[in-house]
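Participant: Construct the complete structure from the given sequences, taking the supplied hints into account.
2 protein chains.
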Amino acid sequence: MVRYKLTLEYDGTPYCGFQRQDNAPSVQAAVEYAIAQFTQTEVTLHVAGRTDTGVHALGQVCHVDLPKYYDSDRVLKGINFYLDEHPVKVLVAQQVDESFHARFSAATREYLYRILNRVAPPTVDLMRVWHVPKLLNITAMQNVAREQLLGTHDFTTFRATQCQAQSSVRTLDVCDIEQVGDEIHFRLKAKSFLHHQVRNIVGSLSLVGSGTWNEQDFKDAFAAKDRTRGGPTAPACGLYFIAVCYNDDLST
Amino acid sequence: MVRYKLTLEYDGTPYCGFQRQDNAPSVQAAVEYAIAQFTQTEVTLHVAGRTDTGVHALGQVCHVDLPKYYDSDRVLKGINFYLDEHPVKVLVAQQVDESFHARFSAATREYLYRILNRVAPPTVDLMRVWHVPKLLNITAMQNVAREQLLGTHDFTTFRATQCQAQSSVRTLDVCDIEQVGDEIHFRLKAKSFLHHQVRNIVGSLSLVGSGTWNEQDFKDAFAAKDRTRGGPTAPACGLYFIAVCYNDDLST
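Chains A and B supply the protein sequences, listed in that same order. Following this note's numbering, the numbering of the first sequence begins with 2 at its first residue and continues without gaps. Following this note's numbering, the numbering of the second sequence begins with 2 at its first residue and continues without gaps.
Since the hints were derived computationally from the structure, they do not count as laboratory data. Among the hints, a few may not be true.
So the derived list for chain A, only partly shown, Cβ under 8 Å to chain B, looks like this [claimed, not checked]: (1) N81; (2) P88; (3) V89; (4) T124; (5) L127; (6) R129.
Distance condition first, Cα-Cα at most 27 Å in a straight line; then the derived DSS-like pairs of lysine-lysine [as the list claims (entries may be wrong)]: (7) A:K78 with B:K135; (8) A:K190 with A:K226; (9) B:K226 with B:K192; (10) A:K220 with A:K190; (11) B:K78 with A:K135; (12) B:K135 with B:K220.
Every residue gets a Cβ at the ideal spot worked out from N, C-alpha and C, and that includes glycine.
Facilitator: Right, dumping it as structure tokens:
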């Protein structure tokens with residue numbers, strides 16, 4: 002068996018999420034099917050971070066063991082050929098050592114969240130952004146990000162109630178917020194994230210941005226360690242899984 | 002009658018183009034219908050620059066005469082409300098003097114063309130870019146743009162054979178080409194453009210970028226004043242009408 006690291010880009014809109022499910026199209030099923038067509042063997046993809054229904058990826062990472070050696074370029078083109086009309090494609094294919102594991106070797110994961118912050122609803126970016134018509138105060142959200150969110154905390158307030166992780170403590174390394182044209186981009190980076198953590202953080206920050214909450218309200222909700230005290234879950238369509246870094250510098 | 006300037010954004014994919022046609026959905030029909038619903042009167046839109054089937058706009062400009070005065074904010078929200086699911090929205094509505102004409106008052110028009118220049122086909126940007134898998138030499142294309150395209154020329158080689166304009170002479174004020182991530186962005190600005198001029202220029206520049214043509218080949222084709230000597234017409238889906246400038250500074 003020869004192991005390959007695959008960097009994927011996908012439009013999450015038509016899928017039930019990354020993970021294979023019965024009776025619903027998934028990114029995993031699409032890619033496993035394409036690899037099976039290419040190699041004529043059944044394979045199992047291992048992924049750095051599962052994504053939910055409607056969440057996009059610009060740099061998802063998987064690994065897969067193929068029955069024999071193929072040139073990396075042939076792996077990329079072969080899988081993309083069989084992915085055909087699926088809005089999922091391999092950006093990079095790279096042969097890696099068997100010690101590489103897409104999930105367990107990951108040192109950090111990075112997400113982008115896009116808010117379209119203008120009165121008019123989206124057109125070309127429909128299903129690519131969360132439309133928030135009320136103008137948000139970016140400085141107020143940046144202050145909360147810097148003073149309250151960065152670092153190691155118990156993120157229970159921003160964790161989906163169905164989250165399976167053993168601990169609710171995570172360390173947020175980056176939480177940058179910037180205006181890009183009429184969009185606001187949130188970039189969050191951590192070793193790992195809780196279920197819905199990015200979307201719940203963005204939803205709660207939007208309350209600060211709109212003036213519904215002040216910084217103390219955010220602090221109280223965060224300290225309560227209670228999901229029902231947090232803000233809304235921002236919609237899936239604004240979320241992008243953009244990168245995974247690996248310690249051994251195998252990252253793309 | 003009260004005149005309003007409307008700045009529009011749209012996804013051109015589902016439309017036969019800007020202009021109203023029998024038996025095919027158009028941007029004009031969608032917007033005129035929404036305005037008719039909002040004002041309860043039939044109206045005619047006047048547009049700065051018609052766009053072809055599948056061409057997008059981030060800053061198209063129209064004007065329309067409404068039967069009475071409405072607050073600009075109400076015009077914007079009223080039309081967008083009736084545009085509903087259409088991927089066409091009013092970004093800005095502004096009351097203007099009756100001397101303002103979206104088409105005849107326009108001083109310059111600006112287009113963006115996006116090439117996705119990587120091996121993997123697009124996913125989230127499907128129908129938003131032209132996918133060119135072979136890596137293009139940007140410097141070679143920039144040289145041609147600067148040395149041959151800028152300024153006043155007979156653009157017959159880059160003009161659709163069905164173009165209706167009386168003269169094939171145009172003055173290109175801007176022709177910038179830059180790498181943006183794995184995309185190449187072409188920005189062209191002129192008082193006016195010939196039919197398919199931007200797409201034919203980009204298609205021909207791509208031949209220089211890929212090495213199929215050298216700079217002299219481009220020069221010979223341009224000098225021939227013959228469309229059959231030009232390169233291919235780049236696909237509509239990569240083209241965006243991004244801005245119109247007006248001399249009287251009524252521009253958005």
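Participant: Each of the hints needs a verdict: does it hold here or not?
Facilitator: Hints, one by one, checked against the model:
no., hint, verdict
1, N81, "6 Å, holds"
2, P88, "4 Å, holds"
3, V89, "6 Å, holds"
4, T124, "4 Å, holds"
5, L127, "6 Å, holds"
6, R129, "7 Å, holds"
7, A:K78 with B:K135, "13 Å, holds"
8, A:K190 with A:K226, "21 Å, holds"
9, B:K226 with B:K192, "21 Å, holds"
10, A:K220 with A:K190, "21 Å, holds"
11, B:K78 with A:K135, "13 Å, holds"
12, B:K135 with B:K220, "23 Å, holds"
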